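**Q** Since the structure of chain A is already known, use the hints to place chains B, C and D on it.
Listed below are the residues making up each chain.
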Amino acid sequence: MDFDLSEEQSLLKDSVERLLADRYDFEARKRHGKHPEGFSPEMWRAYAEQGLLAVPFSEEEGGIGGGTIETMIVMEAFGGALVLEPYLSTVVLAGGLLRHAASAEQRAEWLPGLIGGETRYALAHGERQARYDLHDVGVQARRDGEGWVLEGEKALVLHGDSADRLIVSARTAGGRRDRDGIGLFLVEAGAEGVSRRGYPTQDGQRAAEVSLSSVRVGPEAVIGSPEGALPAIERVADEAIAALCAEAVGAMDRMHRLTVEYLKTRKQFGVTIGSFQVLQHRAADMFIALEQARSMSFLATMMAEADDPAERSRAVSGAKVQIGRSGRTVGQGAVQLHGGVGMTMEYSVGHYFKRVTMIDQLFGDADHHLARVARMGSLLAA
Amino acid sequence: MDFDLSEEQSLLKDSVERLLADRYDFEARKRHGKHPEGFSPEMWRAYAEQGLLAVPFSEEEGGIGGGTIETMIVMEAFGGALVLEPYLSTVVLAGGLLRHAASAEQRAEWLPGLIGGETRYALAHGERQARYDLHDVGVQARRDGEGWVLEGEKALVLHGDSADRLIVSARTAGGRRDRDGIGLFLVEAGAEGVSRRGYPTQDGQRAAEVSLSSVRVGPEAVIGSPEGALPAIERVADEAIAALCAEAVGAMDRMHRLTVEYLKTRKQFGVTIGSFQVLQHRAADMFIALEQARSMSFLATMMAEADDPAERSRAVSGAKVQIGRSGRTVGQGAVQLHGGVGMTMEYSVGHYFKRVTMIDQLFGDADHHLARVARMGSLLAA
Amino acid sequence: MDLRFTPEERAFRQEVRGFFEQNLPKDIHAKMIDGRHPSKDDIVTWQKILNKQGWAVPNWPVEWGGTGWDPVRQYIFLDELQSFPAPSPLQFGVYMVGPVIAQFGNEAQKKHFLPRIANLDDWWCQGFSEPGSGSDLASLKTRAVRDGDHYVVNGQKTWTTLGQYADWIFCLVRTDATVKKQEGISFLLIDMKTPGITVRPIQTIDGGHEVNEVFFDDVRVPVENLVGQENKGWDYAKFLLGNERTNIARVGVSKQRLRRLRELAALERVGDAPILENPRFAEKLAALEIELKALEMTQLRVVAAERKREKGKPDPASSILKIKGSEIQQATTELLMEVVGPFALPYAPEDEGDEHGHNEPPVGPDWAAPVAPTYFNWRKISIYGGSNEIQKNIIAKAILGL
Amino acid sequence: MDLRFTPEERAFRQEVRGFFEQNLPKDIHAKMIDGRHPSKDDIVTWQKILNKQGWAVPNWPVEWGGTGWDPVRQYIFLDELQSFPAPSPLQFGVYMVGPVIAQFGNEAQKKHFLPRIANLDDWWCQGFSEPGSGSDLASLKTRAVRDGDHYVVNGQKTWTTLGQYADWIFCLVRTDATVKKQEGISFLLIDMKTPGITVRPIQTIDGGHEVNEVFFDDVRVPVENLVGQENKGWDYAKFLLGNERTNIARVGVSKQRLRRLRELAALERVGDAPILENPRFAEKLAALEIELKALEMTQLRVVAAERKREKGKPDPASSILKIKGSEIQQATTELLMEVVGPFALPYAPEDEGDEHGHNEPPVGPDWAAPVAPTYFNWRKISIYGGSNEIQKNIIAKAILGL
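Chains as they are written, first to last, in full-length UniProt numbering: chain A, 1 to 382; chain B, 1 to 382; chain C, 1 to 402; chain D, 1 to 402.
Hints are all accurate, no fakes.
Calculated cross-link-like contacts (lysine-lysine; reagent style DSSO-like; alpha-carbon spacing at most 30 Å):
1. LYS267/B / LYS181/D
2. LYS238/D / LYS267/B
3. LYS180/C / LYS267/A
4. LYS397/D / LYS13/A
Chain B stretches covered by chain C per the calculated footprint, using a threshold of three residues with CB under 8 Å from any CB of chain C:
5. 5–16
6. 263–275
7. 285–292
8. 299–309
9. 370–380
What the hints contain is simulated information worked out from the structure, not anything from laboratory work.
Predicted, not measured: the structure shown is a model, and the values here were computed from it.
For each residue, glycine too, the CB sits at the ideal point set by N, CA and C.
Next comes chain A alone, as it looks inside the complex (with noise of 0.2 Å):
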């Protein structure tokens, strides 16, 4: 039991702070908004300069060998920063399937070009009936000779418009909500047949619509088993819900900084307003709340590498049924605590409200969540 970073972690978290510090402020984020692709390459560049990309994956895969408390890190302050560049998509999401399901091979072959920032990545496995489902796959992938043919639609794929490959999830067999029968292929974001409609999100990041018209794949593709796939889907998930847990954290962290800064500085009836007992008192139900999500996000980077599958889903539902109503607590208070200014865009608070709100709804919220550690017995230890 203990809750020091090690001198590994501890550098690790200060060089990330540092870069965010130095180039990501809320003005400088803007401005990184404003390419084309939604996100500021130059920063992309850093990271990858920064090691950043290679975080978690293993010194022979050309990575730095860190587990999820690493991760964990770079997404804390990530959130922090409001960070808008794909580092969940392409490390976390994409990055996580090709460790736990790709072959030696396809890792030697593709994690380089990640690693090293020259190839940015989406998962292409949400569907429009799905919701939050992970099991609900409807596109459909036909053998064809050596290889595959996907057809269907995928909807909400995070920075898929930018992404240079998919990995898009296709049923191989069985029924839409079949558990068995799902296949994971790399596709490269140009082939024939992929078409892609970009949109902005709610919390100033970007996602798309993609749409597979008898697209192509050689055997190649195929990231491990193509029927049984599910169980890594619902392991990266859970990982990437460990780390948007931890991202949630550090802007709430944020968030609550801001507002106890406003509270001191504000004032009204000639004092400052942090001397209303009520306002006092309602940021410390949001310190409260906060302390609360970060413990969960511990528990969530901690079970996210657990053997016991339902260990640890039941573990990182928890800790996203607590980051959902953390984040509601915490930015719902920090936008009152502001008054209007926290509902305006040139201010940042709004921002982070947002993006703790979108959270929420990715990967389930906080409804879902609940329902599913319902329904799995008790998380408390015998």
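**A** Below, chains B, C and D alone, put in the same frame as chain A:
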């Protein structure tokens, strides 16, 4: 749309409030509760003399022809004084069943004694396994010549230990949870085969477990259809809930006043604690909860007389939910704002809290009624 | 005591609803049902329809176009309007400056302005809040200095709702800085075309443009545009804010939102079943409906009591309406976020071109686009018009005597 | 960073649990599982068993019987104790006056009192609160006037928990009324048999007798019973209160309550199905478990940080533990009220004779009797030990700097 009391209603309100102000302050209530019956027979006589026991009965029955509004007026005043006497059992529950289900002959025979205060009644309907389900009746009524034999156990019979007569529900046909096949029987409390075990309740009132062992009653004891009593029971239960809502509002109102008074007098840190904004806002929250409860008590009062049982039940259930939630907000808040003194038997506020809590547990708690409203579709008029 | 609407009141409700069904243009109705914003033209069109019917300004004195309805009928009208839903009249004219002019203005002002407000010939906006004066409104700094037949106004107003369309603005300005802050304020009517006025949009976090900053740089306002007496503006402002609070609960809005929620939750499916069939969701919805029903009854109690109150003296109980009304409205947006689920994510601004994909088919269900923006935008409801914290202060002081 | 317990820590937990399984008398265990109160004899019996094992006073200096466990092991021990559940040691001795004597007492006091506390030969109670000083503890009025070799104590203490059994009371008394209120307070140990002491029971709303008033009427206390220096008592009190807060979250208690809730909700049926199978109930239970899991992690963070903190300086973050801990404990009582339903109604006091039907079979399920009393009684948790309002003040000031 008119929220003003008529002249007669105002007179009723004044008279009951005056009676209680004179003879039912908190110290008097302690004395009343020490009678072996758990309440004051003298007060019961006083209610009879003032015509309170006659309120809901028609003039030809010897009553004063009041409706649910008049009952609300009495119950709200009773709630404010934490009245212990079996008004709900005798007048609202038993009286209600006699009004709605008994024959003219039965009413002519029984009501004078009830209205005159000579005969007290209790409704023996609940059973261990039934919890809040009114249709779950396991006590058996078996034909025996002209009459019936009753057999089984009734639970949580309010004021069942001191009642002179019991109205007992029993199954004349069908399975335990069938809606049809339930009859009502008037049973003398002293009849052979009736045994009662009385006990105090958490809120300082009394209840009893009633055991019926081959209890014989004649055909004149049957109230209404021997197989079709459930609608009357459900109607009376809704009327009782409306009455309890009013009682709870009376209790909440008093609790809230006591709390505000305490905030104005109790000093800590050299100032009255009512000067702390957090406590002011909590008192404001309690006030809002109280007024929302009062509004729903009005709705329940109005709708308890509705022709359509579904409309009636939906509104009454909605009110019970609101009363339960408001009761918690006001009751917990009152104790918290009083601090330690609110936790003591010597001081009144805790008794109000307990009564309001027990009202939530009677005839279905807030969760039970919320589920009922949810099943019945929208509460909002089209 | 009779807590039911009378047969006449019920007939009145039917009449109102019937008129709306017949006369509200379908395209505007569709927008309102979806929770999208009516355009300026929509609001003007609808106001002119209401005015033709004689229902443009129900709350005004009869001689200036008021309907003479009692508070219950006024309540029913607004309740139907909101829950239908039809666009609400532009409140800055009908509920704010109109009644002030009718009560405190001179004859010339009444004759000129009131008919134009009723017909929405003039679009009004409100110049009360300033960057430094939020909850502490009386601390406002915009000053008006008398110079011959004019006041010269300098300063800045903010949170000026729909000011981008405005022909006129009514302002609180400081005309005497040497006295207690409430006693040096005047109420001025200012033509937005006057030189020296600059309107700068404020974009809110939902991406919309509802509010503005308005800058006054040596703006010359004829003295005949002063309402009532100089330095008495605070009294008129209190009168105005008191009127503003009569419909602060927006029960009809929440009714419509809950009805819509129920429809959408029956449409949107999780796996094989509509969300509405999830018992936990159904109970959350029921709980909200119960709270709203209670609020409606509370509102009616306030309305009924209003018959006996002095006009313009707000019932402090209206603070309950503001607090509960805002909580319920906000809660409806949270439940709708649950229904829309992941499809909250795409951002499709209402007003912008196809650069952002506006003319492309929607992502997810076709009602999804305004859901998240409304959740964000409606956070304002507990902030504006006297924040909920201020409302609780009012309850504590004016009702509880703390 | 490794957020898991080490294998050694897990083995330690097993060892502790094994000892409890072997050594806690079954009748006491059964009472604790049901949420009934252990008797005085139960508490004494159990403390002597712990003392024999050397686990009576884990938090004390090793020379006085402490175990030398680090904060994590101390946490594991208490967590197991509470969740097993076994009676908690009498906190007034083990967690309050014991550490104060060990830290600030003289050798004679240490030698005499500490072993007797560890073995519960002396039952201690606390004399801090007074009728006029609740949250404002330092305003206490009980005074001690030096008279030769004695202090003469006059005044009144209240909320004296389990004072009816006490052999000794430790008191804060005013020894100098001329200085700032915190600077004129001393810490006295008083034999409850001294003439002039009267104990009057306070019955709480659950019907129980846990707390008392204690009156002091010219009570003569030998000066050697002063702890530390005269007028320095406030420092010792702060030290004591800081220690009190290390286990203020009572995570283990809530764990046991939730486990029990789950069992009982599986037993009690509504219609044909156990309450536990109602999805709404199951989700409420899950939500509470999630909050408790988060609190446990927060608690562990505070515990881990404690290794580096100065002893006796409470982490202001422990205010989070108090607030959340009390909310969760209270929420467990609310959920249990939902499970027990109408059978909350009968009142069957634990301690009284059969006059109230105590010896009759229970009404409703056999675990029902303590449910409502516990709901009532546990309202105290957000009041005592620094009310939750005071805790939020602490967070606002000490952590947020407001």
